[in-house]
Amino acid sequence: MKEVVLIVGALGIGLLIGAFMPLTIPAAWSKYVAVAILAALDTGLGGIRSGLENRFDLSVFISGVSANTLLAAGLTFLGDKLGIDLYLAAIVVFGVRIFENLAKIRRLLLGRFWAT
Amino acid sequence: MNKAWQLPVTAIALTIGVLLATQFRSQADFAKQNLPSRRVEDLVLMLNQAEKEKEDLGKEVGQLRQRLDEVESGRKGKLTTEIGTAIDTDNGALGGPGVEIVINDSAKPLTKGEDPNIAIVHNDDLLRLVNELRTAGAEAVALNDQRMVESSEITCAGTTILVNKTRIAPPFSIRAIGEPETMVNALKMRGGIVEYLQFYGIQVNISKKSEVLVPAFSGSTLRKFAKPVAVKVES
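From first to last, the protein sequence lines stand for chains A and B. Residue numbering for the first sequence follows the numbering used here, beginning at 1 and increasing consecutively. Residue numbering for the second sequence follows the numbering used here, beginning at 1 and increasing consecutively.
Where hints are given, some of them may not hold.
These stretches of chain A come out as covered by chain B in the derived footprint (C-beta under 8 Å, 3 or more residues) [unchecked claim]:
id, segment
1, 41-55
2, 77-88
3, 91-105
Chain B is nowhere near these chain A residues, computed Cβ spacing over 10 Å in every case [claimed, not checked]:
id, residue
4, G12
5, V33
6, G74
7, L109
8, L110
9, R112
10, F113
11, W114
Since the hints were made in silico from the structure, they are not lab data. Ideal Cβ positions, reconstructed from N, Cα and C, are used throughout, including at glycine.
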């Protein structure tokens with residue numbers, strides 16, 4: 001339970017920092033930030049899931065974060081240049097994975113509290 | 001092993017939080033910047049409604065003006081002369097000898113690389129024409145049924161031209177009451193406005209008329225800021 005509190009607390013602190021930071025994202029960049037948010041959400045949930053499954057590997061996690069973010073940003077950039085909304089591909093993939101990860105986490109947590 | 005995953009995930013959670021809040025704030029700013037984010041169809045519908053409303057109100061103004069005229073002609077009392085001076089009846093419909101000018105965009109096909117802007121009639125062309133007519137002593141001028149009064153504007157509004165806050169589109173017809181000969185000569189002057197327009201292929205047709213009708217001004221002549229001032233003459 002403690003880890004969940006830590007993560008949720010970090011999310012809250014992040015929201016507070018973002019809310020009071022004197023920085024706005026220019027319109028041209030908002031697409032990239034949206035994809036970055038999804039990538040971060042995906043990796044975060046993936047990390048929680050692997051942690052709950054006791055399969056967490058720091059090198060996999062860090063490489064996953066960077067590779068996903070770079071790929072998503074690259075797709076968005078390429079889409080901008082080609083005139084196709086290629087970033088939708090990244091959004092769909094991340095969206096599906098977020099749901100999958102959430103489902104796994106839900107089952108793991110349920111199993112932890114009710115099984116045995 | 002079990003604790004090692006918490007720190008990286010916490011860091012990611014922090015990042016998500018910052019990104020989310022910043023993005024929310026930015027999106028809210030965008031929404032504020034371009035307030036009417038309605039779709040074009042909605043805006044067109046609203047415009048049409050507003051225009052219809054304006055038309056109806058314009059009709060009402062016409063009826064009320066007519067009633068005022070009736071009252072004025074019916075009773076030549078002190079009150080009616082007061083009303084008569086307060087309301088500028090010079091803006092009513094007028095008739096008399098004059099000219100009619102019809103102007104249309106160039107019919108010549110554009111050659112490659114030519115600026116399409118030169119082939120269309122602009123607001124400043126009409127402004128110059130009206131100015132020339134007034135210089136030549138026009139007593140009343142109408143542009144596509146829009147009476148030119150002291151508050152009349154001729155402005156560019158995208159692909160159309162606004163006169164008396166009403167959109168007008170080509171072909172434009174300018175009707176002016178005055179000495180026909182003088183006005184035609186002023187327009188056709190060497191190096192004058194008609195020569196200038198015809199150089200760019202714009203079609204200008206001028207016809208002298210023994211009877212030209214200039215419609216009444218349908219807008220408001222109410223003055224919100226300007227007030228009459230008694231001029232003191234120093235003796």
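Tell me, in ascending order, the numbers of any earlier hints that this structure violates. Hints 2, 3, 4 and 5 are the ones this structure does not satisfy, whereas the remaining hints hold.
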